[in-house]
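Trainee: Just need the whole structure built from these sequences, with the hints factored in.
There are 2 protein chains.
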Amino acid sequence: MPQSIYKPGLHIVSTFSAPVELLRDAVYCRELFDGLIGELGLVKVGEVYHSFPQGGYTAIVALTESHVSIHTWPEFGMATFDVFLSSFMNDNTEKVRAFFDATVAGFRATVTNRQEIMR
Amino acid sequence: MPQSIYKPGLHIVSTFSAPVELLRDAVYCRELFDGLIGELGLVKVGEVYHSFPQGGYTAIVALTESHVSIHTWPEFGMATFDVFLSSFMNDNTEKVRAFFDATVAGFRATVTNRQEIMR
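If you read the protein sequences in the order shown, they are chains A and B.
So for the first sequence, my numbering puts the first residue at 164; every next one is plus one.
So for the second sequence, my numbering puts the first residue at 164; every next one is plus one.
In short, the hints are calculated from the structure, not lab data.
Wrong hints could be hidden among the right ones.
Stated by the list, open to error - Derived list of chain B stretches under chain A, where covered just means 3 residues or more per stretch with a C-beta under 8 Å from a C-beta of chain A:
| id | region |
| --- | --- |
| 1 | 174-188 |
| 2 | 193-199 |
| 3 | 232-245 |
| 4 | 269-282 |
A virtual CB, placed ideally from N, CA and C, is assigned to each residue, including glycine.
Mentor: Structure, rendered in structure tokens:
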């Protein structure tokens with residue numbers, strides 16, 4: 164039964180540093196994201212994985228629950244990453260944090276910036 | 164010549180209300196976004212447009228400069244919208260604000276939340 168009012172979802176917006184080899188490996192990122200989507204019971208409705216000449220890549224995954232995006236910069240040893248899940252049918256707040264924490268662990272990352280926005 | 168240090172880009176994260184007919188019209192959104200991408204000299208590298216059974220849609224456009232995303236909720240008369248452009252080769256800060264302002268105008272929207280994040 165749909166909610167009668169909009170329930171804001173959590174959006175985590177971050178920047179992290181990570182090993183260069185992972186920031187160049189879009190296949191690794193895809194396996195990581197696909198695994199997390201499955202484990203957390205999310206539903207993918209489309210995606211873009213695009214590699215750049217300098218070795219970085221952009222991945223954007225559209226979910227029924229909203230989206231995940233990462234832009235990697237191996238030349239700077241860092242990435243911008245965000246995950247946003249609406250809470251339309253269920254409160255997905257903890258799933259956002261779980262996705263974020265698992266991505267940080269998967270990238271062996273050091274988070275340099277992390278903001279939580281309810282929207 | 165690439166920069167030797169990472170230059171943060173501007174990410175605007177927002178929520179707005181808008182007329183229901185525009186929140187249901189993914190074709191309109193695509194024309195609006197494609198027009199803005201052209202006018203601002205941005206480069207699209209992939210996109211997802213996905214319509215949901217209840218009439219809303221998700222659009223995510225991957226750019227060489229980062230991404231644009233919108234999730235519409237016609238049943239609530241609102242959308243979550245964000246635009247993020249890195250400033251890798253050029254300072255794209257004003258292009259982010261121009262994209263945001265033109266999207267708000269194009270959707271005849273009332274912005275209920277808007278945050279600027281440098282990342």
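Trainee: Please count how many residues of the region 193-199 of chain B have a CB within 8 Å of a CB from chain A and say whether that reaches 3.
Mentor: With 0 residues in contact (Cβ-Cβ under 8 Å with chain A), the coverage given for the region 193-199 of chain B is violated.
Trainee: Check, residue by residue, whether the region 232-245 of chain B contains three or more positions whose beta-carbon lies closer than 8 Å to a beta-carbon of chain A, and give the verdict.
Mentor: With 7 residues close enough to chain A, the hint holds.
Trainee: For the region 174-188 of chain B, does the count of residues with a C-beta closer than 8 Å to a C-beta of chain A reach 3?
Mentor: Per the Cβ count (4), the hint holds.
Trainee: Given as covered by chain A, does the region 269-282 of chain B meet the bar of three residues or more with CB within less than 8 Å?
Mentor: holds (count 4)
Checked against the numbered hints above, the structure violates only hint 2.
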